[in-house]
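Chains as they are written, first to last, in our numbering: chain S, 1117 to 1293; chain B, 213 to 630; chain W, 503 to 621; chain C, 24 to 125.
Be a bit skeptical, because a hint or two may be false.
Stated by the list, open to error - Each computed BS3-like pair below joins lysine-lysine, with the alpha-carbon atoms no more than 30 angstroms apart:
1) Lys-257(B) - Lys-285(B)
2) Lys-526(B) - Lys-536(W)
3) Lys-289(B) - Lys-536(W)
Honestly, the hints are just simulated from the structure, not real lab data.
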Amino acid sequence: MEITIELLVFLVFALLTLAGGLGVVLARNLFRAALLLLLSLFGVAGLFVLLAAPFLAAVQVLIYMGGITILIIFAVMLTRGMVRARNVFSEQWDLAAIVSLAFLALVVYLLWQLQQGSSAALFAAPPPEGGLENPIAALGAALVDPAQYMLPFEVASVLLAGALIGAIYIARDDEVE
Amino acid sequence: MLRDALIQAGMNAGLATFLDILGGVLVAATFGMAWVLFGIWIERKVAARIQNRVGPNRVGPYGLIQNFADALKLLIKEVIVPRNADRPVYFLAPVLMVVSVILIAAVIPFSSVVIGTDLNIGLLYVLAVGSLGTLAVLMAGWGSNNKYALLGAFRAVAQLISYEVPMVLALLIPVMLAGSLSMQDLVRSQHVWFLFVAPIAAVLFLIAAHAENGRAPFDLLEAESELIAGYNIEYSGMAFAMFYLAEFMHAFFVAIVFSVLFLGGWRGPGAETYPILGMFYLGIKSMVVYFVTVWLRLTVPRVRIDHLLALNWKIMVPLALANVILTAFLFKLVPTPDYSAARAIAEGEFTGVASGLYRLLGPEFVAMLPLAGVLLVGNIALLVAAAALLRWLARRRRQEVEALVDETEYAPGVAAAE
Amino acid sequence: MDLSEWAFIGVFLAIAGILPAVPIVLGWLIGPRKPNPIKTDTYECGIETIGDAWVQFKVQYYVFALVFLVFDVEMVLLFPWAVAYGNLGLFAFVEVLIFIALLAVALVYVWRKGALEWT
Amino acid sequence: MVPLWMFLLVAAALFAIGLFGVLSRRNAVAILMGVELMLNAVNINLIAFWRYRTPDTMIGQAFAVFVFVVAAAEAAVGLALIVAIYRRRQSVAVEDVNLLKW
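So here's chain S without its partners, still in its complex pose:
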C-alpha cells in the first residue's frame, strides 16, 4: 500500500481517537478522563473530515466537545468524592477485559473474512468520486422531506423536549437537600 499524506493524517487521528479512548477508560482522575475524552472526540472529528463529512465534524466539536463534555465535567464536579478513588475498577474488570477483547477479536476476524471473501473489492477500493454538489443543503432538504426524514426530525424534537423536561425534573428533586 502506498504511503500518502492522507494515510499519515488518518493514522494520527486514529491514534488520537484510540489513545484518548484508552485514557478515558484507564484514568483514575475523572476530570483527566473527561479531558482525554475530548482528545478522543477531536480525533473522531478529524476522521469525519477525512471521510468528507465536514458538517458532522463541526457538529462533533459543537455538540460533543462543547456540550456533552461540559455536562459530563459538571456532573463530575457535582458528585465529588469519587474523583481520586482507590478502586476505579470493579471486581469483574478481568471479565470485562476478556469480553471486550473477545469482541474485538470477533470483529477483526469478521473483517478479515470479508476482506478475503465477498467484500474484497469494496474494502480495497478508493472512495467513489463525485458526491453531492451541496451536501448541507441536501441534508437540510432530506431532514424536512416527508418522504425521507420528516418523522425522525420531529421525533428528535419530541425526544429532546422530553429529555429536557425529564432531566430537569430528576436533577431538581428538592425533597432531598
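Starting from the structure of chain S, add chains B, W and C where the hints point.
For chains B, W and C alone, coordinates are given in the frame of chain S:
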C-alpha cells in the same frame, strides 16, 4: 499565487503547495496577534478619553510603544505555578484559549480574494471553534486548584454556554437569507446589508458575542470584587498574558465577524475589481463595531449574575426563537428575488425610470429591496410587540408588589388611619 | 470533496498551537524562577487554604448546562434546514414551526418550574 | 487514499475500549463516558460506509445526526439520574445502587 510562482521557479508541486498554505497560515495567524499590540493602545486611549484621562503617553510618541514595553515586562516576570496545580492542565488552558480565538481567522474573508480558506461550513466552523474557549476556562479553573478559580470558572461557563444559545439562533437568520454557510457566500449575498434586513438578529448577535467575550457589562467571568478575577487568578507572567491576548483578540474578531455577517463584509464601491479596497472597507466597518463594543464596555456597569442569566433565558432566547419563525415566515411570503432578471433589465435597453433605477443602484440591490423591506418592517413589528409585552409584564409585576405593600400594616396609609 | 482546504485548517491548527506556547516557554526560560512555599501557596486573600478546591457546587450549574445542551442540539439540526430553506416549500416552514414550538414548550416548562432562577 | 477496512478497524477498537469502560468502571459517570465512546465508534462506522457506499445520498449523515441527538438526550438524562442518586446516597458507585437487586 505563491504556489504558481514557486512551481515556475522549478519547485516540487507538493512542497510548493505546502509552502503556499504555510505562508497563508502565518499571515492569518499572526494578523490577530499583531493587531492586539496595536489595538490595546487604541482601546486604552479610547478608555482614557471616555474617563477624562490622557492614557498611555510616556513610552514612545503618544505612548505608542507602551504595549511592547508591557509585553517585554510580562516576558521577564516569573511564571508562578501554584504547588497544588495540575500542571499539564494548568499550562494547556491558556494555549487552548488563544487557539480557540485565533482559529477564527482561518475563514474570515478579508476581501473578494483574500481569505484563508473558504470552507463550505465556514460559519459553523467559527461557532465550533469558539465553543472550545469554554473548555479552556474550565481547564484553567480546575488546573489552578483554587476555590476562587474553580468557582469563577463554573460561573464563567454558565454564562458562556447560556449566551451561546441566542448567538447561534441569531446566526440562523443570515444563513437562511444567504442559503449557505460559507463566509464568502454570506458576504456576496448581502446586496442589502443584513443589518437592515435582520436588525434583531444583528443586535442579538452583538450582545451575545459581547457576553461570550466576557467584557463589561458581562464581565462576571473576572469580577474582581466578587471572585478576585475568577478563573485566571493563579496565572502570572506570560501564561496570564495569553488569557489577556485571547480576550483582546476575541473582541476584535467579534467586530470583524459582525461586519462580515451584517455589514456586508468587504463589500463597497469597487471592491470586486480592487480587492485591496475590500480589505479597507472591512477594516473601517470592523473598527466602527469595535469602537461600539469598547464604548459599551466602558459605560455600562456590570450586571448581577441572576440578571445576566434572566436576560438571556427569559428575553433573548424567546426573542431569538420568535425571530427565527417570523423571518422564516416572511421569507416564504415574499417571492425570492430574481437577480438574473434584474441584471437583464439593467444590461438591456434603456426603457425609462425602472431600468435607470436598476442601473444607478445596482440590479441586485434593487431586486433585494422588497424582501429587505418586508423583513425590516416585520422585525420592527416584532420588536414593538416584544417591548409592549415586557411593559405589560413589568406593570403587572409592579401592581402585584404594590398590592402586597397595601396589605401590610407598614403601609403609610394604614398606619395613619389607626 | 477537496481536502486541500482542510489541509489549511490542519496547518493552521498546528501553528495556532505553537504561537501561544512560544511566549509561555520563553517566559518560563527568561523569567526568574525562585519558588518558595509561601509564593506557590494557593491564593486565598491572605488566609490559609483549608482543604481542596473542591467545594460542593450547586445543581443550578448543571441545570443551565442541560438547557444549553438541548438547545445546542436543536440549533445544529436547524442549520441544514436554514441552508436549504430558500428552495423548500411551505411544508418546511410548518415543520420547523412544530419543531421550535416543541422546544418552546420545554423552555416554558423549565421556566415555570423555576429552574431558570439563580437562587 | 485510506481503504475502508482501516476506518472499520478503528471503529471496532474504539467500541471495544468503550465496552471495557462500561463493564469495568465503578463510577457511573465513567460508565457514561464509555457509552459515549461506543456511540462515537458507531458514528465512525456509519460515516465510513456512507462515504464508500452511498456518497450521493444523505442517508449516512442524516443517521449520524440522529445518533448525535440520541447521545445528547442520553447524556442529559443519564447524568441527571447520576446527580440525583448522588444527592440521595452520597455515592455514584454503581454497586451502591442496588435497591432493585435481589
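Status of each hint after checking the structure:
Under the criterion of a C-alpha separation no larger than 30 angstroms, the hint pairing Lys-257(B) with Lys-285(B) is consistent with the structure, at around 20 angstroms. Under the criterion of a C-alpha separation no larger than 30 angstroms, the hint pairing Lys-526(B) with Lys-536(W) is inconsistent with the structure, at around 51 angstroms. As the CA atoms of Lys-289(B) and Lys-536(W) are separated by approximately 11 angstroms, the hinted pair is consistent with the 30 angstroms bound.
Hint 2 from the earlier list is the only one contradicted by this structure; the remaining hints agree with it.
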